[in-house]
Amino acid sequence: MVGETIAERYRLEEVVGHGGMSSVYRAYDTLLERQVAIKILHGRYSGDAEFVERFKREARSVAQLQHPSIVTVIDRGQEGDSQYIVFEYVAGENLKELVVRKGRLGVRRALELAIEIAHALAFAHEHGLVHRDVKPQNVLLNGDGGAKVTDFGIARVLDVESGMTQTGTVLGSSSYIAPEQASGGPVDAKSDVYSLGVVLYELLAGEVPFPGESFVAVALKHVHEPAPSLHDVRGDVPPRVVAAVDRALAKDPDERFPTMSAFADELEACLREPGLEADADATLLVPPRPPSTSRPARSVWPVIITLVAMIAIGAIVAGLLKFRGDGTPAQANGRPIALSGVTSYDPYGDNKTEHSDQVQLATDRNQSTFWSTEQYQSFDKPGVGIVLDAGNPVVVSSIRLRTDTPGYTAEIRAGNNLAGPFTPVSGSGTVAAVTTFELHGNEPMEYYVVWVTKLAAGSDVAHVNEVTALGS
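Heads up: the sequence shown begins at 1493 in our numbering, then just goes up one per residue.
These aren't lab readings, by the way, just hints derived from the structure by calculation.
We put the beta carbon where it would ideally sit given N, CA and C, even for glycine.
Incorrect hints may have been included.
To be verified - Mimicking PhoX-like on lysine-lysine, the simulated pairs with C-alpha atoms at most 25 Å apart in a straight line are:
| id | residue 1 | residue 2 |
| --- | --- | --- |
| 1 | K1946 | K1873 |
| 2 | K1713 | K1743 |
| 3 | K1588 | K1713 |
Stated by the list, open to error - Computed Cβ-Cβ distance ranges for the label pairs, DEER-style:
| id | residue 1 | residue 2 | range |
| --- | --- | --- | --- |
| 4 | G1727 | A1949 | 40 to 50 Å |
| 5 | G1919 | L1523 | 37 to 47 Å |
| 6 | S1832 | D1680 | 52 to 62 Å |
| 7 | N1634 | E1717 | 28 to 38 Å |
| 8 | G1919 | Y1868 | 31 to 41 Å |
| 9 | G1569 | G1704 | 35 to 45 Å |
| 10 | G1767 | G1841 | 47 to 57 Å |
| 11 | V1592 | S1706 | 39 to 49 Å |
| 12 | E1585 | G1912 | 46 to 56 Å |
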């Protein structure tokens, strides 16, 4: 099919992946002039109504997963008898290719990658979707070395005797399959925990825990044999990391981490352990651990001088915080005000909803979730925003915004009518990962709007991950 054009738009350029039920192509979107990836269901399944419905369900489900470590779904459709899903194209190798090329990874690098994957899977679990096929081949590495999980695939029930699904389709590699999945039992989020444990084992050991010549042989090892200890394979892996992998690989799902988020938390704790130094090939995908408190003895005078300087700087900052930019008194401290995301605000739009179904994610106290604007090829309107409800009219002194797409320009607006109008109550500025807007309005308002007026250079979306507020 290379060379063909799908939907008079997507020109297929190269096969980049091939599975039992579908093939993935790198393609060129002639309409938007960009590279995309297209998964096309094999023709022999196009007449199977159940397969087609599952394929469509995959597109609908994954389209709801707006997360920086999950490959984004762009489009879905049918060309003749062929069902297809269009994804963002990630120009990089997959995690399996990295391990084959480099062998075992540094401990820090392996943990960083596993944490990114865990956060992506935890997000999917929170939205009711279990991956069921977590393996390095389904983790793509972007140009910055970051991980992006792909191919959430079609729900499967395994027949361990044949390595087939109930409909007779070859499942694929069994190297990462959870024992309950291999034996045909119920599959849930803890099955993904097991599979990620296998992936982390491979990143650290350079090989999977259960190699074998056949699907059945490997699957039976997952069901019956205890996993080899990382400590015996690689002596420099810290004991806490070994214990985390062992727990993830427990045969009994109840003995594993209760959730993927709990697994991620433990891996982050491992990353902060003293003595875990940066690897030469590591990309710092998560904050580095705090420095060890065990240090050589040294003169106390530099410390005293530093403390005196910090006190002086603190006094200056405290003085500056007493005033806003307009010279009127401001609150250096304030009481927290609970805001709730209620709707998007797009008065200059083209009847798009601007993801109103995501607005509550900006106030759910989870920094990995977010409200997103629509994707823009050209942001040529005055602005678009998200409306936050304080519950009743209150005076807000500051609003703090967190985002994983820094660089866009925004301001805060406010009003007492959900439909607007909203007037500016802060200055406009470039948003960093964490940005605090000082508000200058003294009139109580019920609704506050994060108003995006310009996207970051090279970006087609803006995210609002979390918004908190302080009042007088």
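Going down the list of hints, with the structure as the test:
no., hint, in the structure
1, K1946 <-> K1873, "9 Å, holds"
2, K1713 <-> K1743, "11 Å, holds"
3, K1588 <-> K1713, "21 Å, holds"
4, G1727 <-> A1949: 40 to 50 Å, "47 Å, holds"
5, G1919 <-> L1523: 37 to 47 Å, "38 Å, holds"
6, S1832 <-> D1680: 52 to 62 Å, "30 Å, violated"
7, N1634 <-> E1717: 28 to 38 Å, "36 Å, holds"
8, G1919 <-> Y1868: 31 to 41 Å, "24 Å, violated"
9, G1569 <-> G1704: 35 to 45 Å, "39 Å, holds"
10, G1767 <-> G1841: 47 to 57 Å, "53 Å, holds"
11, V1592 <-> S1706: 39 to 49 Å, "21 Å, violated"
12, E1585 <-> G1912: 46 to 56 Å, "48 Å, holds"
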